[in-house]
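Visitor: The primary structure of each chain is shown beneath.
Protein chains: 2
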Amino acid sequence: MVGMPVVDVPETPVATGAPRVPVPPARPFLHILGAHLRETFFPDDPFRAVAREDGHGRRAVAALRYLFPCLQWLPCYTLGALRSDLIAGVTVASLAVPQGISYAKLADLPPIMGLYSSFVPALVYAVMGSSRDLAVGTTAVGSLLFPALLGKEAPPAENPELYMHLAFTATFFAGVFQAGLGILRLGFVVDFLSQAAIVGFMGGAATVVCLQQLKGLLGLQHFTRATDVVAVMRAVFSQTHHWRWESLVLGCCCLIFLLMTRFFSKRRPRLFWVSAAAPLASLVVGSIFVYLIHGQNHGIEVIGNLKKGINPSSAKSLILSPPHMMVALKTGIITGLIGLEGIAVGRSFAMSKNYHVDNNKEMVAFGLANIVGSCTSCYLTTGPFSRSAVNVNAGCKTAMSNAVMAVAVAVTLLFLTPLFHYTPLVVLSAIIISAMLGVFDFPAAVRLWKVDKLDFCACLGACLGVVLDNIGIGLSIAVGISVVRILLFVARPRTTALGKMPNSTMYRRMDQYAMAESVPGVLVLQVDAPIFFANASYLRERISRWINEEEERIKATCEQSLQCVVLDMGAVAGIDTSGTKLIEDLSKSLHMKNIQIALANPGSEVMKKLDMSKVLMRIDDEWIFQKVGDACDYTLLNCKIATVQHNIV
Amino acid sequence: MVGMPVVDVPETPVATGAPRVPVPPARPFLHILGAHLRETFFPDDPFRAVAREDGHGRRAVAALRYLFPCLQWLPCYTLGALRSDLIAGVTVASLAVPQGISYAKLADLPPIMGLYSSFVPALVYAVMGSSRDLAVGTTAVGSLLFPALLGKEAPPAENPELYMHLAFTATFFAGVFQAGLGILRLGFVVDFLSQAAIVGFMGGAATVVCLQQLKGLLGLQHFTRATDVVAVMRAVFSQTHHWRWESLVLGCCCLIFLLMTRFFSKRRPRLFWVSAAAPLASLVVGSIFVYLIHGQNHGIEVIGNLKKGINPSSAKSLILSPPHMMVALKTGIITGLIGLEGIAVGRSFAMSKNYHVDNNKEMVAFGLANIVGSCTSCYLTTGPFSRSAVNVNAGCKTAMSNAVMAVAVAVTLLFLTPLFHYTPLVVLSAIIISAMLGVFDFPAAVRLWKVDKLDFCACLGACLGVVLDNIGIGLSIAVGISVVRILLFVARPRTTALGKMPNSTMYRRMDQYAMAESVPGVLVLQVDAPIFFANASYLRERISRWINEEEERIKATCEQSLQCVVLDMGAVAGIDTSGTKLIEDLSKSLHMKNIQIALANPGSEVMKKLDMSKVLMRIDDEWIFQKVGDACDYTLLNCKIATVQHNIV
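In order, the protein sequences belong to chains A and B.
Position one of the first sequence corresponds to residue 1 (full-length UniProt numbering), numbered consecutively onward.
Position one of the second sequence corresponds to residue 1 (full-length UniProt numbering), numbered consecutively onward.
Some hints could be false.
The list that follows gives simulated cross-link-like pairs (lysine-lysine, PhoX-like), each with its CA atoms no further than 20 Å apart [stated by the list, open to error]:
id : chain 1 : residue 1 : chain 2 : residue 2
1  : A       : Lys453    : B       : Lys588
2  : B       : Lys266    : B       : Lys308
3  : B       : Lys608    : A       : Lys450
The calculated label-pair distances, taken between Cβ atoms and stated as ranges, are [said to hold, decoys possible]:
id : chain 1 : residue 1 : chain 2 : residue 2 : range
4  : B       : Ala226    : A       : His356    : 49 to 57 Å
5  : B       : Pro323    : A       : Ala231    : 47 to 55 Å
6  : B       : Asn594    : A       : Val249    : 27 to 35 Å
7  : A       : Ala51     : B       : Lys266    : 27 to 35 Å
8  : A       : Ala231    : B       : Pro46     : 55 to 63 Å
9  : A       : Leu82     : B       : Met515    : 26 to 34 Å
10 : A       : Lys588    : B       : Lys450    : 42 to 50 Å
11 : A       : Asp54     : B       : Asn503    : 40 to 48 Å
12 : A       : Val484    : B       : Arg225    : 58 to 66 Å
13 : A       : Val484    : B       : Met515    : 39 to 47 Å
14 : A       : Lys588    : B       : Gly57     : 36 to 44 Å
15 : A       : Lys307    : B       : Trp546    : 49 to 57 Å
These are computed hints drawn from the structure, not numbers from a lab.
Don't be surprised by glycine CBs; every beta carbon is placed ideally from N, CA and C.
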C-alpha cells in the first residue's frame with residue numbers, strides 16, 4: 001500500500017482496527033418490542049398532551065379533554081363563534097332535510113329516517129369529533145349499499161319490517177367496527193385502499209346512483225333491482241309506454257334550477273348559500289306546485305304522510321342472533337369501511353386550515369355516532385363531502401354547527417313534517433342527481449392518467465366494476481388492485497448500479513446521471529428496500545444477474561476483472577432472517593468466484609441482525625464502510641490494481 | 001452571499017441556473033410499460049441464451065434447449081456421469097419403494113400408488129427439470145393433506161373409489177396450477193410465504209404425521225379422523241385395551257434401528273448409504289420375520305396383495321364436473337402450493353453446488369409431472385428433501401438419476417410386488433416417523449428466536465395452528481402472519497433524522513452515530529421506502545411530528561429557529577399520486593410556517609412523477625440537490641444565519 005497515490009480524499013481513516021460502522025448495543029427484548037408497538041400503533045404520540053401534565057388531577061382533566069374534544073373548545077367558546085356556527089348550522093340544515101329524505105328513499109327506508117339520521121348522530125359527533133368542519137349525515141353511496149347488500153335477505157318491498165331491522169343492525173355493526181378500529185388504533189388499514197381506487201369507486205357509485213334516479217324522473221312504478229348499467233337501461237327502455245311526461249318535466253326543471261345555482265355559486269364563492277338553499281327551495285316550490293295542481297293525480301308520486309316527533313328508540317329492533325345477523329354483520333363491515341370516507345373529508349379540510357385531526361379518534365367518534373344512531377332509528381352516517389363543504393363555506397367555527405343543525409332538524413321533525421306530505425319524489429331524484437354530479441372527480445382521473453398509468457388502471461377498473469356489474473364487485477376490484485400494487489412494490493424492489501460522479505466523492509445512480517462513471521474492478525449496487533422474505537429470492541436473482549452481466553461486459557471489453565461487489569445498504573431499512581440468509585449466500589458464492597463483498601452504510605437495525613445471525617463474522621468488519629466511496633477506495637488500494645490512473649480522471 | 005465564509009467543501013456548484021437534478025426525458029408509455037413488465041416477470045432475463053443466437057435454426061435449437069433442460073446435458077453426457085447416476089438412482093429407489101408405500105398408506109390410498117408415483121413423474125422431471133439433485137417422489141405432508149381435505153367429501157373408508165378419483169383430480173389441478181404459475185411467470189407468489197412460517201408449518205405437520213403413526217405402532221383398528229393432538233391422544237388412550245404389544249415391539253425395534261443408522265451416517269457422511277438402505281432393509285427383515293412367525297395371526301397387520309404391473313391409465317377417472325370438482329380444485333391448489341416446496345429444496349442444493357435453477361421452469365416441470373401423473377394413477381409428487389439429500393450424497397450428477405430410479409421402481413412394480421405381501425404396516429409407520437424426525441428444524445427455530453422475535457412468533461403460530469387445530473388452520477395462520485408482516489413493513493417505513501458527521505460532508509442517522517450532529521436551523525429527514533398510498537398518511541403524520549418536536553426542542557433551548565426541512569429522497573425508490581400529494585401538502589404547510597422544503601438526491605422516477613404532478617414547480621429547482629450536504633450549506637448561506645461559527649466546529 002505504501003507509496004501508492006491516494007485516490008480521492010478518504011474522509012474516514014481506513015483500517016484503523018475498530019469497526020467503522022458500530023453494532024448497536026443489545027437492548028432488552030421488551031424494550032424493543034415496546035418501541036416497535038409504539039411506532040406501529042401510536043406514530044402520532046397521541047397521549048403527549050396527557051403525559052406532559054403534572055399531578056393526577058391535571059392528567060385526568062387532560063385525558064378527558066383528549067377523549068372529548070368539545071372540552072377543548074367549549075371553555076373558550078365566544079359569542080362571535082356562536083354566531084358563525086348558528087348561521088352555518090341553519091344553512092346545513094336547509095340542505096340536510098331534503099338530502100336526508102332523498103337518501104333514505106335511495107336506501108329503500110322510510111323517508112323520515114333520513115331526518116332522524118341528521119339529529120342524534122350529529123349531536124354525538126359534536127361532543128366526540130375532533131374536526132371543526134365536518135357536517136354529519138347520510139351519504140348516497142352508503143345509502144345505496146343497504147338495498148344492494150341486504151335486499152336479498154329481506155326484500156324491502158316484501159318485508160319492510162325485517163329490512164329496517166337489518167338496516168339498524170348493520171348500522172350498529174358498522175359503528176362497532178369503526179369504533180373498534182379506532183380503539184385498537186388500526187386506523188391505518190384504511191390507507192391500504194389507494195386514492196386512485198377510491199376515485200374510481202366513487203365515480204362508479206355516483207353513476208349507479210344517478211341511473212337509479214331514472215325511476216323517479218320518469219315516474220316509473222316498476223324497476224329492476226340490479227344496479228348495473230345494462231339492466232337499468234333495459235328496465236328503462238322496455239317500458240317506454242309507462243314514462244310520465246309530467247314527472248319528467250318537473251324533474252328536469254328542478255335539476256336545471258339546481259345545476260344553475262351550483263354553477264352560479266361556484267363562480268361567486270361568497271354566494272354559496274344560493275346553492276346550499278336551492279334543494280330546500282325546490283322542495284318547497286315543488287310541493288306547493290303539486291299541491292296546487294293536484295299532481296298526485298297526474299302521475300307525480302308524492303312522499304305522503306311523515307310521522308311527527310323525534311327519533312323513537314330502535315334498540316329492541318337490533319337482530320343479534322343468527323341467521324339474519326351474519327348478513328347484517330357483513331353489511332356493517334362493508335358500509336363501516338365506506339363510511340370512513342368521512343375521515344378523509346375531515347382531514348382534507350383540516351389540512352387546508354392547518355390543524356390536526358386524529359384518524360383513530362375520528363373513527364371512535366363516527367363509530368359511537370353510529371352505535372347510538374342504530375338505537376335511535378338512524379342508519380349509517382358519516383361526514384359527507386357536499387354537506388361539509390357547505391358547512392365550511394357558511395363559516396362554521398367548531399363542531400357546534402353540528403349541534404345547531406341537529407336542533408334545526410329536530411324542530412323540523414317536531415313541527416314541520418306535515419309540510420312534506422305533497423313533496424314530489426321526482427324533486428328528490430333531481431336533488432340526488434345534482435349532488436352526485438359533484439362526486440365525479442374527472443380532474444383527478446385525468447391527473448392519474450398523466451402521472452401514473454397504473455393508478456389510472458386501478459381507478460378505471462374499480463369504476464367499471466361498479467357500473468357494469470355491482471358495487472361489491474367494484475369494491476373487490478378496488479381492494480384487489482390496491483393489494484396487488486402493494487405486493488408488487490414489495491416483491492420487486494429496485495436495484496441500481498452506482499457510479500462515481502466526476503470531481504466528487506459522491507456515488508450516484510448511473511441510469512440517472514450520465515456523467516457518473518463505473519469504477520473498474522468494482523460493482524456498486526444500491527438496494528432500495530428492506531430485504532425480507534417477500535423479496536429476498538428476487539434480489540438474489542437480480543443481484544446475481546447484475547454480477548453476471550458485469551462479468552460478461554468485462555470479458556467483452558478486456559477491462560480490469562471484478563474484484564469487489566459493494567452493496568450500498570443506506571436505503572435498506574430492515575432485514576429479516578431471509579435477508580441475512582441472502583447476504584450470507586451472496587458472500588459465499590462471491591467467495592467461490594474470488595470476489596470480495598463489501599457493505600456500505602448499513603443501518604443499525606441491519607448491523608444488529610447481521611451480527612446476531614453471524615453473517616457479520618463471515619464478511620468481516622474490514623469490509624463494512626460508512627460510505628460507498630471508502631469501500632471503492634479501499635478495494636482499489638487493497639487489491640493492488642495496476643491501473644490506478646483510471647480512477648484519477 | 002459574497003464574503004461569507006464557505007461552509008465545508010461544496011462539491012457541486014450551487015445555484016448555477018440549470019437544475020442540479022435533471023428530470024429524465026419523457027419516454028413512450030409502451031416503452032415504460034414494457035420495461036416494467038420485463039422487470040416484474042422476467043427479472044432473470046430467461047431468454048438471453050435464445051436471443052444471443054443468430055439465425056432461426058440456432059434460435060430454435062436454443063429455445064428447445066431452454067424448454068427441455070435435458071437437451072443441455074445429454075449431448076455431453078459421459079460414461080462416468082452415467083455410473084454415478086446409476087449408483088445414485090438405485091440407492092434412491094431403495095428408499096423410494098418403502099417410503100412410497102408408507103406415504104400412500106398415510107394418504108389413505110392403495111399402497112401401490114406410492115410406487116406408481118415414483119415412476120412416471122420421475123421420468124417427466126428427468127426431461128423437464130433443471131435441477132441436477134432433486135429426486136422426485138411423494139411427501140408426507142402432501143400425503144396427509146389428501147385425507148384432511150378430501151375426506152369429508154368422500155370418506156376413504158366408505159367410498160374408496162370416489163376418494164381415489166378425487167385424489168387423481170386434485171393432483172391434476174395441482175399440476176395445472178403449478179404449470180400455470182410457471183407459464184404466467186408468477187413464481188414469486190411463493191415468496192410471500194415467509195421462511196419462518198414454512199419452518200413452523202412443516203414442524204407442525206411433521207408432529208401431526210408422527211401422531212398419526214401411533215395407530216400403526218399400537219396396532220389399533222379404529223382411530224380418529226381428526227389430526228389435532230387432543231383428539232389423537234384421546235383416541236389412543238381411550239382404547240388402551242386394544243394396544244397390541246407385538247406390533248409395538250416390532251415397530252420400536254425398527255424405529256431404533258432406523259434412528260441408529262441415521263445417527264451413524266450423520267457421524268460418517270461417507271457411509272450415507274447405510275441410512276439410505278436402512279428402510280428397505282427393515283422392510284425385508286420385517287417381512288421375513290412376519291412370514292416366519294405368521295405375524296398376521298398375532299395382531300401384526302400386513303400390506304397384503306399388491307397388483308403386479310406398471311401404472312394403469314387413470315385419465316378417465318378425472319372428475320371434471322361439479323359437484324365434486326370444486327373440492328378437488330381447492331385441494332389441488334393447496335397441495336399444489338405445498339408441493340412447490342420441492343423448488344426450495346432444489347434451489348438450496350443448486351446454491352451449494354453453484355449452479356442456477358429457474359423457479360418458473362421448475363414449476364412448469366413439477367406441474368407437467370403432476371398432470372401426466374394424474375393420468376397414470378399417481379398422486380401429488382414433488383422433490384422431497386430426504387430423498388434428494390440421499391440422491392446428492394449418493395453422488396448424482398444429472399437428472400438422469402431420476403430416470404434410473406424410475407426404471408428401478410418399474411422393475412419392482414413388474415416383478416417384485418408379491419414380495420411385499422407380508423410387509424407389516426408397523427414397519428411403514430416406523431419408516432415414516434424416522435423420516436419425519438428429520439423435518440423438524442429446531443436449529444432454524446432457535447436461530448429465528450435469536451435474530452428476529454417476530455419471525456419466531458410466525459413460526460410458532462403456524463406450528464401450533466397445525467398441531468392444535470388442523471393443517472388448514474396452520475396454513476392460514478402462516479399465510480396470514482406473512483401478509484400482515486408485509487403490510488406492516490409497507491405501512492410503517494422508517495424516517496430518521498440525519499446529522500453531520502464530524503470532519504466530513506457525510507450526513508448519517510443520528511440514532512446510529514452518536515457523533516453525528518444536527519445542523520442548527522435545518523432538519524434533515526431520511527425516508528427509507530417508496531412513498532405511496534399505503535404509507536403516505538403515516539409519513540404525513542410522522543414527518544409533521546418530527547417537525548413539531550424539533551420546533552418544541554428549539555423553543556426550549558432558544559436555538560436558531562427552523563429554516564429548512566431537507567428530505568433525503570435517496571432511498572425513495574418510487575412515488576405514486578398519493579406520494580406526490582404528500583410532498584405538495586408538506587410544502588404548503590411548511591410554507592405557511594415560513595419554512596423552506598428541500599429535496600436531496602431524488603431518483604429519476606421520483607423527479608419524473610414530481611414534474612408531471614406539478615409539485616416540482618411548487619418546490620422550485622433551486623431547492624433540489626444532489627446531496628444532503630449541499631442542501632444544508634445552501635440553506636445556511638441563503639437564510640443569512642448570524643452564527644455561521646456553529647457549523648465550522
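Visitor: In this structure, is the beta-carbon distance linking A:Asp54 and B:Asn503 contained in 40 to 48 Å?
Guide: Cβ of A:Asp54 to Cβ of B:Asn503: about 43 Å, so the range 40 to 48 Å holds.
Visitor: Verify the CB-CB distance for B:Ala226 and A:His356 against the hinted window 49 to 57 Å.
Guide: 53 Å, holds
Visitor: Could you say whether the range 49 to 57 Å given as a hint is met by the Cβ separation of A:Lys307 and B:Trp546?
Guide: 54 Å, holds
Visitor: Just tell me: holds or violated, for the beta carbon distance of A:Lys588 and B:Gly57 against 36 to 44 Å?
Guide: 40 Å, holds
Visitor: Against the 20 Å threshold, does the CA-CA distance of B:Lys266 and B:Lys308 hold or violate the hint?
Guide: Roughly 36 Å between the alpha carbons, so the hint for B:Lys266 and B:Lys308 is violated.
Visitor: For the pair supplied as a hint, B:Lys608 and A:Lys450, is the alpha-carbon distance within the 20 Å limit?
Guide: 11 Å, holds
Visitor: Regarding A:Val484 and B:Met515, is the given constraint of 39 to 47 Å on their beta-carbon distance met?
Guide: This hint holds: roughly 44 Å between Cβ atoms.
Visitor: Between A:Val484 and B:Arg225, does the beta-carbon spacing fit 58 to 66 Å?
Guide: 38 Å, violated
Visitor: Do A:Ala231 and B:Pro46 keep their Cβ atoms within the hinted range of 55 to 63 Å?
Guide: 46 Å, violated
Visitor: Taking 47 to 55 Å as the hint, is the beta-carbon distance of B:Pro323 and A:Ala231 inside that range?
Guide: Violated - the Cβ-Cβ distance for B:Pro323 and A:Ala231, about 29 Å, lies outside 47 to 55 Å.
Visitor: Starting from the range 26 to 34 Å, see whether the pair A:Leu82 and B:Met515 falls in it by beta-carbon distance.
Guide: 56 Å, violated
Visitor: Check the following: the C-beta atoms of A:Lys588 and B:Lys450 are separated by a distance inside 42 to 50 Å.
Guide: For B:Lys450 against A:Lys588, whose Cβ atoms are near 20 Å apart, the range 42 to 50 Å is violated.
Figure legend: structure checked against the earlier numbered hints; hints not met, in rising order: 1, 2, 5, 6, 7, 8, 9, 10 and 12.
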